[in-house]
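Letter by letter, the chains look like this.
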Amino acid sequence: MTSRSGRQQRSRRADPGVVPAALALPALVGALFLLVPLAGLLVRAPWRGLGNILADGQVVEALRLSLVCATAATAVALVLGVPLAWVLARAPVRGVSVLRALVTLPLVLPPVVGGVALLLAFGRRGILGAHLDSWFGVTLPFTTAGVIVAETFVAMPFLVVTVEGALRAADRGYEEAAATLGASRLTVFRRVTLPLIGPALVAGAVLCWARALGEFGATITFAGNFPGRTQTMPLAVYLALETDPEAAIALSLVLLVVSVALLAGLRDRWLRAGAAP
Amino acid sequence: MTGLAEGELCLDGRVERAGFTVAVAVTVAPGEVLGVLGPNGAGKTTLLRSLAGLLPLTAGSVRLGATVLDDVATDTFVPAERRPVGLVFQNYRLFPHLSVRDNVGFAARCAGAGRAGSRRLADRELGRFGLGHLAGRRPGQLSGGEAQRVALARALAADPGLLLLDEPLSALDARTRLEVRTELRRHLGRFPGPVLLVTHDPLEAMVLADRLLVLEGGRVVQVGTPADVARRPATDYVARLVGLNLYAGTLAPAAGVVTLDGGGRLAVGAVTAAGGAGRVLVALRPSAISVHMQPPVHASPRNVWAGTVTGLELLADRVRAEVAAAPGGPDALVDLTPAAVADLGLLPGRRVWLSAKATELEVYADTARDALA
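So the sequences go chain by chain: U and Y.
Position one of the first sequence corresponds to residue 1 (my numbering), numbered consecutively onward.
Position one of the second sequence corresponds to residue 278 (my numbering), numbered consecutively onward.
FYI, nobody ran anything at the bench for these hints, they're computed from the structure.
As the structure is a prediction and not an experimental result, all values here were calculated from the model.
The beta carbon of each residue, even a glycine, is placed where N, CA and C say it ideally should be.
Hints may be right or wrong, so weigh each one.
Now the stretches of chain Y that chain U is said to cover, found in silico as 3 or more residues with beta-carbon under 8 Å [said to hold, decoys possible]: (1) 348 to 358; (2) 362 to 369; (3) 380 to 389.
Ranges between beta-carbon positions, derived for each pair [stated by the list, open to error]: (4) Y:HIS374 to U:ALA101: 27 to 35 Å; (5) Y:GLY413 to U:VAL68: 35 to 43 Å; (6) U:GLY165 to Y:GLY413: 31 to 39 Å.
Negatives, chain Y to chain U, calculated, CB over 12 Å [what the hints assert, rightly or not]: (7) THR344; (8) ARG401; (9) PRO530.
Kindly produce the complete structure, drawing on both the sequences and the hints.
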């Protein structure tokens with residue numbers, strides 16, 4: 001009796017690592033669902049003609065434009081987004097929580113809606129765009145600058161949210177220590193706060209850059225699809241799919257490689273380092 | 278900076294925070310070390326923060342020499358970064374992303390020195406502390422004692438006119454503490470300005486401070502020299518810290534008898550120090566109490582009372598017995614030698630008689646009662 005119950009107990013708690021079937025099955029389907037399309041991309045890739053396709057002038061141009069615009073958008077997001085994150089995390093201002101919700105809206109807003117909104121704001125007859133045009137002769141829609149504006153609009157919230165979280169979690173004690181040593185608030189920010197949230201800052205910038213690189217909806221709505229001027233990689237992929245599917249696959253492959261490289265870099269360098277302060 | 282701010286610290290102010298008030302009036306002379314002693318939550322850290330400029334006063338003022346640092350009446354407030362005040366935090370707060378050298382050079386850098394200049398200054402300061410070999414390390418690579426020394430060097434490198442230390446040794450293990458305490462005493466002795474040292478370790482306070490201020494519940498309950506505080510504790514908290522029995526009561530000077538609030542009477546002999554009748558405290562050393570298994574017959578000590586042993590504890594070379602008194606006598610802590618405990622056969626639950634000579638009792642006016650009320 002005792003031995004049987006003992007065995008039963010052993011078998012029941014045989015291996016805590018075993019996953020119940022009710023969870024294992026959907027988990028497997030879920031994983032396959034995410035991985036199969038990527039496998040499809042690899043299987044159907046025109047490996048032989050890859051060199052020729054990617055050497056094509058228009059492809060190189062789209063890739064160059066994508067990298068330039070995503071990097072410029074990240075730079076703008078850093079310059080504007082880090083101070084914004086600081087205000088959201090630290091400023092003792094009423095209504096900051098409302099501002100935070102509004103600022104992070106582009107995270108959940110359909111990008112096409114973002115593009116339409118950008119047109120209404122910065123378009124030639126937009127509420128700000130009209131003045132930009134008449135006063136400075138600056139037009140943003142359907143220009144490379146417009147691509148950067150669209151990408152910044154969509155991607156900056158990623159940076160703001162990441163940096164704000166890090167600022168909230170950061171130990172204020174170091175900032176106080178810096179103040180007692182004579183550091184002005186700006187010096188504290190520059191020499192203590194920023195270095196301490198460095199990992200989160202890099203992670204936020206990388207997330208922002210990746211989001212900007214893949215931006216499609218807002219870009220095509222606000223900046224159009226002009227090769228060499230506003231046609232970034234995602235736009236080129238979409239266009240190529242109708243005329244030259246092999247080229248679309250090859251371009252997708254390039255974006256996939258960039259994404260995987262980013263993920264690997266983030267995982268090893270920053271996400272883990274950021275998790276353990 | 279020092280030239281401008283040289284001088285005594287005058288604080289007479291109040292800080293109110295979420296239903297808790299800290300009110301302190303004290304003056305600290307240049308070169309004097311004031312130990313601030315108190316239980317957790319007494320307001321010690323709040324006091325330091327308000328002096329450092331991290332927390333504005335709700336009322337009153339802080340002055341350092343001729344410089345007004347905070348004055349609510351004239352709406353003056355010098356923020357932390359412009360106060361000539363060095364603060365050594367309890368957990369040091371060394372910047373983890375900077376080397377020891379750049380930590381110590383941080384203040385110079387903020388004051389406008391270049392990278393090279395501030396590093397030279399930091400190296401000189403580190404050399405003075407005998408920490409030159411640590412200059413290139415990150416704070417994460419330091420031992421507790423090293424981090425404490427670096428934190429002090431960093432605070433002093435700013436050449437402050439007032440030095441504040443928040444439990445500077447509490448994060449260290451016992452062995453390191455002894456070593457660092459000796460060194461800290463030397464550095465504090467050399468510092469020309471006033472020093473406030475917050476601690477809850479009585480030994481630290483006795484060894485490092487010239488004068489003690491006891492803070493309880495946001496109020497000052499006692500100020501005095503370490504010797505004075507150790508001999509005449511004003512509250513139960515201080516009495517426990519310095520290991521004395523403390524009884525509050527009312528003195529009848531003619532009879533030389535104190536009627537204790539907790540019941541019982543103690544004969545205190547000729548009393549002049551308490552200054553007449555009224556509320557007094559009676560302090561009694563645990564080692565000044567004798568233990569008897571029978572009522573003592575040769576009653577030369579004038580105070581004899583009965584009680585029951587409730588606990589025994591070994592303290593280094595002696596045994597501390599806790600005795601709950603029978604009605605008519607005060608509870609007491611009694612120190613005995615281990616040999617005496619064996620001879621008497623003391624055990625928890627044993628009935629004993631205690632005696633104490635009237636001359637062993639320290640009687641003084643109860644001044645803290647008003648402050649705490």
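*Range hint 31 to 39 Å: satisfied by the CB atoms of GLY165 (chain U) and GLY413 (chain Y)?*
holds, 33 Å
_Minimum C-beta separation from ARG401 (chain Y) to chain U exceeding 12 Å: can you confirm that?_
holds, 17 Å
*Separation of PRO530 (chain Y) from chain U, once the least beta-carbon distance is taken, above 12 Å*: holds, 51 Å
*asked:* At 12 Å, judged by beta carbons, does THR344 (chain Y) keep clear of chain U as stated?
replied: holds, 15 Å
*asked:* Verify this for me: three or more residues of the segment 362 to 369 of chain Y with a beta carbon less than 8 Å from a beta carbon of chain U.
replied: Holds, because 5 residues of the segment 362 to 369 of chain Y bring their Cβ atoms closer than 8 Å to Cβ atoms of chain U.
*Within 8 Å of chain U's CB atoms, at least three CB atoms from the segment 380 to 389 of chain Y: coverage verdict*: holds (count 5)
*Per the hint of 35 to 43 Å, is the separation of the Cβ atoms of GLY413 (chain Y) and VAL68 (chain U) within bounds?*
The hinted range 35 to 43 Å holds for GLY413 (chain Y) and VAL68 (chain U), with Cβ atoms some 40 Å apart.
*Supplied distance hint 27 to 35 Å, evaluated on CB atoms of HIS374 (chain Y) and ALA101 (chain U)*: With a Cβ separation near 32 Å, HIS374 (chain Y) and ALA101 (chain U) satisfy 27 to 35 Å, so the hint holds.
_Using C-beta distances, would you say chain U covers the segment 348 to 358 of chain Y, given that this needs three or more residues below 8 Å?_
holds (count 3)
Every hint from the earlier list agrees with this structure, and none is contradicted.
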